[in-house]
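Q: Listed below are the residues making up each chain.
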Amino acid sequence: GENVEQHPSTLSVQEGDSAVIKCTYSDSASNYFPWYKQELGKGPQLIIDIRSNVGEKKDQRIAVTLNKTAKHFSLHITETQPEDSAVYFCAASNQRYTGNQFYFGTGTSLTVIP
Amino acid sequence: SAVISQKPSRDICQRGTSLTIQCQVDSQVTMMFWYRQQPGQSLTLIATANQGSEATYESGFVIDKFPISRPNLTFSTLTVSNMSPEDSSIYLCSVGGGGNQPQHFGDGTRLSIL
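In order, the protein sequence lines correspond to chains A and B. Each residue of the first sequence is one higher than the one before, starting from 834 at the first, in the numbering used here. Each residue of the second sequence is one higher than the one before, starting from 8 at the first, in the numbering used here.
Treat the hints as calculated values from the structure; they're not laboratory data. Warning: the hint list may mix true and false statements.
In silico SDA-like pairs for lysine to any residue, Cα to Cα no more than 20 angstroms straight-line [claimed, not checked]:
1) A:Lys891 / A:Ile946
2) B:Lys14 / A:Gly874
3) A:Lys901 / B:Lys14
Residues from chain A that face chain B, not an exhaustive set, calculated with beta carbons under 7 angstroms [to be verified]:
4) Ser861
5) Ala862
6) Tyr865
7) Lys870
8) Lys875
9) Gly876
10) Pro877
11) Leu879
12) Asp882
13) Gln928
14) Gln934
15) Phe935
16) Phe937
17) Gly940
For each residue, glycine too, the CB sits at the ideal point set by N, CA and C.
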C-alpha cells in the first residue's frame with residue numbers, strides 16, 4: 834500500500850516569513866494530493882489540492898508543488914500570519930477508483946510567532 | 008462542500024462501556040469513512056461505510072469492537088465497544104473522495120476513557 838512521509842513534524846516561523854512542508858509518497862499510481870489544516874478542536878479542513886497532471890497550483894498565499902518523478906509534493910505558505918498556526922496534513926490517493934483510500938502524512942505542527 | 012455534523016462532540020466514559028457516535032451529512036453521499044486520530048497523531052482509517060452493505064474494515068479494526076451502521080445515504084453511526092483507555096482518541100467522520108475530489112471531515116468526537 835501507499836506510504837506517505839511528512840517533514841518536519843514541527844515548524845516555527847516568524848510572522849511574515851514563509852513556511853514549507855514536504856511530503857513523499859511511495860505508490861506511483863497515486864494521482865491526487867490534498868492538503869488539510871487542522872485547528873485545535875476542529876476536524877481537518879481542505880486548504881488546497883493538486884492532481885498528478887499539474888506541477889504547481891497556487892491560491893493566494895498558499896501554493897503546492899508536485900514532482901511525480903521524485904514522488905514528492907510540498908506546501909508553501911508565504912507571508913505567514915498567526916492564524917496560520919495549526920497542524921497540517923498531506924495526503925495521497927489513487928483516485929482512478931471511487932472510494933479509494935486517502936493515505937495521510939504524520940502531520941506538521943506550524944507555529945507562527947507574532 | 009458537504010456539511011458534516013458529528014454527535015457527541017466530546018465525551019468522558021468509563022472503561023468497559025460502549026459509545027455510539029453519530030454522523031449526519033446535509034446531502035446524499037455514497038461512501039462515508041470513519042477515522043481514528045490518537046493524541047498528536049495522524050489519521051488512521053477504521054472503515055468505509057456504504058449504504059446497504061456491510062462496512063469494510065481496515066487491518067487492525069474489527070466489527071465486534073467498532074460496529075458501524077449506514078441506514079441511509081445521509082447518516083452513519085460508529086460504536087466503540089467495551090472501551091479501554093487505549094480507545095481515547097478523536098473519532099472523525101468524512102465523506103467524498105473519488106474522481107479527484109477531496110474528502111471532507113466533521114469536527115470529530117473527542118473521547119476520553121477513564
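Q: Evaluate each hint against the coordinates.
A: Results of checking the hints against the structure:
1. A:Lys891 / A:Ile946: With Cα atoms ~24 angstroms apart, Lys891 (chain A) and Ile946 (chain A) exceed 20 angstroms; violated.
2. B:Lys14 / A:Gly874: holds (14 angstroms)
3. A:Lys901 / B:Lys14: Violated, at roughly 40 angstroms.
4. Ser861: Violated, about 17 angstroms.
5. Ala862: Nearest chain B Cβ about 13 angstroms off; hint violated.
6. Tyr865: holds (5 angstroms)
7. Lys870: Violated. Min distance 11 angstroms.
8. Lys875: holds (5 angstroms)
9. Gly876: Constraint on Gly876 (chain A) satisfied, holds at 4 angstroms.
10. Pro877: OK, holds: Pro877 (chain A) within 7 angstroms of chain B, min 5 angstroms.
11. Leu879: Nearest chain B Cβ about 5 angstroms off; hint holds.
12. Asp882: Holds: closest Cβ of chain B sits about 6 angstroms from Asp882 (chain A), inside 7 angstroms.
13. Gln928: holds (5 angstroms)
14. Gln934: Holds, about 6 angstroms.
15. Phe935: Constraint on Phe935 (chain A) satisfied, holds at 6 angstroms.
16. Phe937: At 5 angstroms from the nearest chain B Cβ, Phe937 (chain A) passes the 7 angstroms test, so the hint holds.
17. Gly940: holds (5 angstroms)
Taken one by one, the earlier hints fail for this structure at numbers 1, 3, 4, 5 and 7, listed in ascending order.
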